[in-house]
Amino acid sequence: MSDMIINDSVPVDKKWSELIRYNIFIMKLVEFVVALLLNILPHVVTPVDILQCLVAGPTLMLTTQIMVLYVVDQVQYEAEFYYVIIQLLITICAVINLFVIVAFSVILMYSDVKESREPKSNMKYPVILWWTLEFPGTSNVRHCSDSIKCYVYSDRLMSNIYNTEAYLFYASNIDFKNLPIPRRPDEIIWALFHEESPRNVEEFLHEKALNLFNFSSTFSRHSNVPFPLQHLYAYEDITSPRYFLSTQLKNELLKEIAPVLYLQSDCETSTERDSYVQELMKHIKVDSYGKCLKNKDLPQKFKEDYLNNLNEENFLHFIARYKFVIAIENGVCNDYVTEKFWRAIKVGTVPLYFGSPSIRDWFPNKKSGILLEDYPTPKILYEHIMALMKNDSLYEEYLEHKTKQIITNENLINEYRQRPYQLDGIKTLEEFECFVCEKLYDKMRGETGVNVVNKSHYDCPKPISALTLGVNPHNSWVYSWETAESNAETIYKDIMNRD
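Numbering-wise (this note's numbering), the sequence shown opens with residue 36 and increments by one.
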């Protein structure tokens, strides 16, 4: 073998010596780098980050060595071929060994976190985890004030590494069979964020499911971090004349369009919205777009993906031409007021509203909408609409936020001034995180007991029909509501009793 030559110049025995020295050097270098990572990086990044880097490491190292060997040796002879194979095998073994050693080192380094009630030295602040994986949450330090700071993560792996002191849940994506149990309400805070329609997770229509949580952030003014104005978007929109058309111009447009607009593509609702509109259509002309009771096509420019462009400039101008807009919510809950109402307010048309029983608290002025509950039947509502159609002054009493550009409802004014964050979804989430963070500091100081979310935080009664203004026992949503009540009881008992 000593007579065999590689590349016509370097003896193979010398090449093997170089190989051994090369691998020793590589091993020592990698050991040094790993030691540096294990001693320094835990103060900067998490061990999960280190492990992720190590997973990519073997591929990177092998690729680099293959490239170097190819460039230097060009694999010209059989001996060199064996040399390359052995070189790669040695490297693979070295990398696998290093990976196993480092992985176990990282696990051991953090293995005592579950048993310890004290945070690790690198975790200066309490740890909050968004449990719902589908919800992005955040992954940083939430600076709530000079003295109130918390780590906020959205990676569940963190619960295996750090002492998680609060879990946050996005209600629409919750899985009751996959929660961080055992539930210890006196030790660990659970907080619920829920901005959606009551139809999303029907168990939350019932108090037992809500009782699983210590705090909440919902559209209800009674929640801990409320956002009843979430669909307003901009306070200035209420009085802005940007889309507003005068009554005179609207009257002229009646030659082309109906006085009432209906625009819906969700046709099966607990409020029996379509049933009401169908009855109203027997008395007054209604332009119905979308999939529900459609009797008119949208202009060509709006046909493509219109549901995602309802707040687009041209579409708002399109809506503003109508004197009245039907605004019936998907569900009835206190303070659940959606864009169906606020869009009408924004463009300056009168909403024919059914939904939140507390809607008057959010009217810009005393008359900023017509409530279906004030008119027992669609025929009686029609008679009121016709009275307004014949008298412009009476009609404009419903539009003083545009014609006079005033807001007189103190409840609405104060809500905006006290909680301006709710007009921005990201700021609302940050407010929620900081609220929970503050509660963790209160808990550490022994200043708070065990709080429990109650029905007022998400107050939705048994489904009520817009048509009858009562509960329709034949409505499938009523059966679903009753089934969810039983489910909520079972879920509560199961979670609270599970070890």
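The set of hints was computed from the structure by calculation and includes no laboratory data.
Be a bit skeptical, because a hint or two may be false.
Said to hold, decoys possible - Computed cross-link-like contacts, PhoX-like style, restricted to lysine-lysine with a CA-CA straight-line distance of at most 20 Å:
(1) K528 x K243
(2) K336 x K317
(3) K490 x K462
(4) K338 x K317
(5) K336 x K326
(6) K326 x K290
(7) K401 x K414
(8) K402 x K159
(9) K462 x K497
(10) K462 x K402
(11) K402 x K243
(12) K478 x K184
(13) K243 x K317
(14) K490 x K528
(15) K402 x K184
(16) K212 x K528
(17) K331 x K290
(18) K212 x K243
(19) K462 x K401
(20) K414 x K320
(21) K243 x K490
(22) K336 x K320
Hints, verified against the model:
1. Restraint check for K528 and K243: the C-alpha separation of about 9 Å stays at or below 20 Å, so the hint holds.
2. A distance of roughly 30 Å separates the Cα atoms of K336 and K317; the hinted pair therefore is violated under the 20 Å criterion.
3. For the suggested pair K490 and K462, the alpha carbons sit about 25 Å apart, so the restraint of at most 20 Å is broken.
4. Only pairs whose Cα atoms come within 20 Å are accepted, and K338 paired with K317 is rejected, the gap being roughly 27 Å.
5. Taking the CA atoms of K336 and K326, the gap is near 17 Å; set against the 20 Å cutoff, the hint holds.
6. Simply put, K326 and K290 have alpha-carbon atoms about 25 Å apart, too far for the 20 Å limit, and the pair is violated.
7. Distance check on the hinted pair: K401 and K414 sit about 24 Å apart at the alpha-carbon level, beyond 20 Å; violated.
8. Between K402 and K159, the direct Cα distance comes to roughly 53 Å. Violation of the 20 Å bound is thereby established for this hinted pair.
9. For the hint pairing K462 with K497, the CA-to-CA distance comes to about 32 Å; that exceeds 20 Å, so the pair is violated.
10. Under the criterion of a C-alpha separation no larger than 20 Å, the hint pairing K462 with K402 is inconsistent with the structure, at around 31 Å.
11. About 38 Å separates the Cα atoms of K402 and K243, which puts this hinted pair outside 20 Å; it is violated.
12. Our distance criterion of 20 Å between C-alpha atoms is met by K478 and K184, whose separation comes to about 14 Å.
13. Proximity of K243 to K317 is assessed by CA-CA distance (about 43 Å); at most 20 Å being required, the pair is judged violated.
14. Between the alpha carbons of K490 and K528 the distance comes to roughly 17 Å, so the proposed pair stays at or under 20 Å and holds.
15. For the proposed pair K402 and K184, the alpha carbon gap of about 45 Å is over 20 Å, so the pair is violated.
16. Taken as a hint, the K212 and K528 pair is honoured in the structure, with Cα atoms around 13 Å apart against an allowance of 20 Å.
17. Our distance criterion of 20 Å between C-alpha atoms is met by K331 and K290, whose separation comes to about 15 Å.
18. Between the alpha carbons of K212 and K243 the distance comes to roughly 16 Å, so the proposed pair stays at or under 20 Å and holds.
19. Restraint check for K462 and K401: the C-alpha separation of about 30 Å exceeds 20 Å, so the hint is violated.
20. Distance restraint check for K414 and K320: the Cα-Cα separation of roughly 13 Å lies within the 20 Å cut-off, and the hinted pair is therefore satisfied.
21. Our distance criterion of 20 Å between C-alpha atoms is met by K243 and K490, whose separation comes to about 9 Å.
22. Restraint check: the Cα-Cα separation between K336 and K320 comes to about 24 Å, which exceeds 20 Å; the hinted pair is violated.
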